[in-house]
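Colleague: Sequence:
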Amino acid sequence: MSVGEEVRSEQGKPQQSLGTAAARNLATTTKSAPQMQEISSRWLLRNLPWVNVQGGTYRVNRRLTYAVGDGRITFVKTGDRVEVIPAELGELPALRSFEDEEVLAELAQRCRQQEFAPGSVIASFGSRTDEVHLLAHGRIEKIGTGPYGDDAVLGVLADGAYLGEAALLDPDAIWEYTARADTACTVLTLSRQDVDQVAERSEPLREHLRQLRSIPEQRTNKYGEKAVELAAGHSGEPEIPHTFVDYEARPREYELSIAQTVLRIHSRVADLYNQPMNQTEQQLRLTVEALKERQEHELLNNREFGLLHNCEYDQRLQPHDGVPSPDDLDELLSRRRGTKMLLAHPRAISAIGRELNKRGLVPETIDVAGNRIPTWRGVPIYPCNKIPVTEARTSSIIAMRTGEDEQGVIGLRQAGIPDEIEPSLSARFMGINEQAIISYLVTAYYSAAVLVPDALGVLENVEIGRWR
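Per our numbering, residue 9 is the first one in the sequence shown, and the count goes up by one each step.
These are computed hints drawn from the structure, not numbers from a lab.
Here are the computed lysine-lysine pairs in the DSSO-like style, where the Cα-Cα straight-line distance is at most 27 Å:
hint, residue 1, residue 2
1, LYS39, LYS300
2, LYS394, LYS300
3, LYS150, LYS85
4, LYS394, LYS348
5, LYS348, LYS300
Pairwise CB distance ranges, derived in the manner of DEER restraints:
hint, residue 1, residue 2, range
6, LYS85, ASP138, 20 to 28 Å
7, SER342, ALA240, 25 to 33 Å
8, GLN122, ARG218, 27 to 35 Å
9, PRO179, SER342, 33 to 41 Å
10, LEU238, PRO426, 48 to 56 Å
11, PRO334, GLU91, 33 to 41 Å
12, ARG70, ARG118, 34 to 42 Å
13, PRO179, GLN117, 22 to 30 Å
14, ASP254, TRP58, 24 to 32 Å
None of these values were measured; they are calculated from a predicted model. We put the beta carbon where it would ideally sit given N, CA and C, even for glycine.
Take the sequences, apply the hints, and build the full model.
Modeller: And the structure:
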């Protein structure tokens, strides 16, 4: 400023005191630690019981089961034409483990596409079952007779489901319920006659079906496991049955998955700019937070071990009216004993709240680590933003029983790895390059396992955008 030049305030008047901008040059600022919007509550990581896995692999041994065909079928849509992917026919009980691609392709070509309007009857109770229906799109209600002679909804099927599968194995099978289209439905139909015609020309398929038809003769319990022969209520000296408990010959093994990144910090930054906060520690802290967010995402969405993809078909439910009603939540809880937690996207929890409000219900809440968590029937409903929300504004709600002792869902990790900063999470020094950049390899090992099928259930295709 030149001699005689006056400092003026913003109002144009001469400044009479030192301004705050200049004063800050002599002041020590108070700083926050680096903030990060990506950090979420991560309730799944907090509440999942973690099992230490030696050797990086966890094997789930189960009793031998004869239940087959428990997956979903995938289709390809070209314009208004829908075709089933031939290999996906292996999800049907009659074609499970059958791998002849040419035969499956011929069966796929014989599937006949049909369109059903809402309210149309696809199959009637008591009629002969001579076709299997593959639901490409829409919702189908299974209607049975209630205890007082009225119609009762036994279940709801959605995209990828199938019905009438007994037709391909049992020529005397009948429909045990009425299948009615709840919405407009696109269905592919494969008849038993078509399968028999293909089997006449294919020796592998004919032999495959012959072997499978012997499976229903095995004595099994209601879960499809080989029955344990017992005697009860007898008197005298009858012959006591002999038995043994058989195991799966090829149990599933879960290998630990991995999430990694290389953190780089210039040595000048690490040396000179460590007050009042250590730069390396803050960089590592935020990197670990991002790694944990990805870990929780993978535990839910990974196609190999993610919970949304490893739920058994008979544990997947469809909401009866699209929205997550209290009745649907009750049905979800009824499918398993000792449900420990429900996981839902925050928008799905909001939709649950709207449905409760309509019925004049107020959910109870519990205190969990200082947070008020809503509950249903005493089971906490934890928010989780990693559960996908589709473009159609639908989502899923997950129910879990957890823990090894409860035959539930467990997390897998290996503690004690080199340079560990948390269990199964390490930050390993990789050296300094010629540009004086320090590198750290940050690694997390993890997976999840479902010990028995009914430990995990999913309420799918929940509408979260309906406000009326």
